[in-house]
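Order-wise, the sequence lines are chains A and B.
So the first sequence is numbered by my numbering: it starts at 21 and just counts up by one.
So the second sequence is numbered by my numbering: it starts at 809 and just counts up by one.
Note that these hints are calculated values from the structure, not bench results.
Remember, predicted model here, so these are calculated numbers, not experimental data.
Please note: incorrect hints may appear among the correct ones.
[As the list claims (entries may be wrong)] FRET-style restraints, in silico, Cβ to Cβ:
(1) A/G95 with B/A946: 53 to 61 Å
(2) B/A895 with A/R244: 55 to 63 Å
(3) A/L182 with B/Y943: 54 to 62 Å
(4) A/A131 with B/R844: 48 to 56 Å
(5) B/R877 with A/G95: 58 to 66 Å
We put the beta carbon where it would ideally sit given N, CA and C, even for glycine.
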Amino acid sequence: MFEFLVRRAAISIVTLIVISVIVFTGVRMIPGDPARVMAGTDADAAGLEEIRAKYGLNDPIPVQYLRWAGLALQGDLGRSIRTRDPVMTTVARKLPITVELACLSVLIALALAIPAGVLAAVRRNTAWDLLASGASLCGVSVPNFWLGIMLILFFSVRLGWLPASGFVSFWESPSGNLRRMIMPAFVLGTALAAVLMRQTRNSMIGVLGADYIRTAYSKGLAGRAVIFRHAIRNSLIPVVTILGLQAGALMSGAVVTEQIFVVPGFGRLIVEAVFTRDYPVVQGVVLITASSYVLINLLVDVSYSLLDPRIRFGGGS
Amino acid sequence: MSPTSGRTSPTFGSTHATVGVLPARAAAEPAGRLRRGWRRVLRRPASVVGGVIVLVFVVLAIGAPWIARTDPVKADWSQIRKAPSGAHPFGTDDLGRDNFARVVWGSRISMQAGVFSILLAITVGVPLGLVAGYYRGALDQVIMRLTDAWLAFPFLILAIGLVTIMGPSLTNATIAIGLGATPTYIRLTRGLVLSTAAEDYVQGARALGAGDVRLMGRHILPNIFSSLLVQATVSIPIAIIAEAVLSFLGLGVQPPTPSWGTMLNAAQQFLESAPWMAWWPGLAIFSLTLSFNLAGDGLRDLLDPKDY
Chain A
21 MFEFLVRRAA ISIVTLIVIS VIVFTGVRMI PGDPARVMAG TDADAAGLEE
71 IRAKYGLNDP IPVQYLRWAG LALQGDLGRS IRTRDPVMTT VARKLPITVE
121 LACLSVLIAL ALAIPAGVLA AVRRNTAWDL LASGASLCGV SVPNFWLGIM
171 LILFFSVRLG WLPASGFVSF WESPSGNLRR MIMPAFVLGT ALAAVLMRQT
221 RNSMIGVLGA DYIRTAYSKG LAGRAVIFRH AIRNSLIPVV TILGLQAGAL
271 MSGAVVTEQI FVVPGFGRLI VEAVFTRDYP VVQGVVLITA SSYVLINLLV
321 DVSYSLLDPR IRFGGGS
Chain B
809 MSPTSGRTSP TFGSTHATVG VLPARAAAEP AGRLRRGWRR VLRRPASVVG
859 GVIVLVFVVL AIGAPWIART DPVKADWSQI RKAPSGAHPF GTDDLGRDNF
909 ARVVWGSRIS MQAGVFSILL AITVGVPLGL VAGYYRGALD QVIMRLTDAW
959 LAFPFLILAI GLVTIMGPSL TNATIAIGLG ATPTYIRLTR GLVLSTAAED
1009 YVQGARALGA GDVRLMGRHI LPNIFSSLLV QATVSIPIAI IAEAVLSFLG
1059 LGVQPPTPSW GTMLNAAQQF LESAPWMAWW PGLAIFSLTL SFNLAGDGLR
1109 DLLDPKDY
């Protein structure tokens, strides 16, 4: 177990180093003078020289990388060209909004996927199974930005039940926050629900055929007790892994969803930074996102081993 | 682009693409194999319908100039935001352009982006995966660590980053989507090569003196082709949605070129007065990706070696 954790952590560190090199190189591949890129188009010669001195742009590239990586490790990702705020401060302001959106969408996805997946597996090859599988296929195929637009059209424009866009902090108005977040969370959650439902169904079918389930039945336990007490718990282990792997997809989905519903989160920050050519923000956000993805997957691997102590990692992961 | 095929999973890593490798003996009876495969596909009518709808979209994309006779780009100020009618079955947009013509021409853009981006991913990813899996060792480690790092970038964010560097256009969006899908093909090919290289027929060819290039090109690659094809059917719908998303965000196809993503972007501002502007391009994306996913399921059945 300890050996696995050390090996897994070492691979994550190597991956993080490679990610930082890719991000660093990416910004330097943008055509033109990096100082001009970082300072913005309105900077004068003195401003450019200041940027060059500050970021050591006259130094050799490896030296520049090590300095940049060192600052990034200390949480200094530079300043936004647009607002002049430190990138980390901007991210810290926007991230909780996206985290709230992601958490709500995961809750919605789990609430839809687990009952549907379990039902499809228990009533395998029936109309319920067909319905759940069809819904999952539609969930995977529907473009989330179109689904978002259709929900706005129906619930906001036609029925007038929910606000079409905007954001209110939860602490300011819990009900206002939920009324504005429910549609984006649903849009983001459907794709995830489709994936999780398929995984739950497959995993549950595997578990229902296991010896210990037959034993539970033969002991005289009622069907519901077997399913709820034995089968569901074990079938959820692979679902946790898929949930971790979907973190990246959730982040990608948040970019579009926040754009449609005008939620001022992390995803919208990326799009705004791209359009205003705010490269330090683009660079910082991409680095933070990729690093978070690596760390989430590390945590998923660790939680996997904690959830199921039978798992042996000697064969490599 | 995802798990699954997920728009989902807009990661291109797919749980579907675990189809193994064709055993050598399977090559001996291709006709019987195909017959059995077709029987399996025909047992799934949804897959047949999916395949037919994909073909309809291919015909629309190729025959756009003949099917949609109205100019999809030309504005008509007397026809602004007209509801669907006999003259304009899908209505008109905010510049009076015929939505039907724009949806039909948009299929060309979507197909082009979907197919070419995945071809790019295959062209880059398969040779890298082949080399990594065949030679193993330090080269394998370097390629796979780079692949891991590449996979850590959420697909859309990677595509946005690349388009930022290269500038927004259809070509650059296609390249960005293709590069985003590449790691999946590296991983898949490497895994397939590892299992295929251990097969007796590969070892036999090696014993007979076949060189590395011949082994990879004549013995390994043809035997992993079906799995790569299945993965492509999973990846193309994801790439189609990705192109629409990039165009929707203004990072792909630029107006006035008709694209389903840019049409939805324009439609967003007129949801109250002209909701039909949002219906058709969205339905087109949904039906095309759904059809690809259904047809992909059928293709998986057709090529699934577990039944041989």
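Hint-by-hint comparison with the structure:
The hinted window of 53 to 61 Å between A/G95 and B/A946 is violated, with their beta carbons roughly 34 Å apart. Checking the proposed 55 to 63 Å range against B/A895 and A/R244 shows it holds: the Cβ atoms sit about 60 Å from each other. The given range of 54 to 62 Å is respected by A/L182 and B/Y943, whose C-beta atoms sit roughly 57 Å from each other. Against the hinted window of 48 to 56 Å, the Cβ-Cβ separation of A/A131 and B/R844 comes to about 41 Å, which falls outside the hint.
At about 60 Å, the beta-carbon gap between B/R877 and A/G95 stays in the expected band of 58 to 66 Å.
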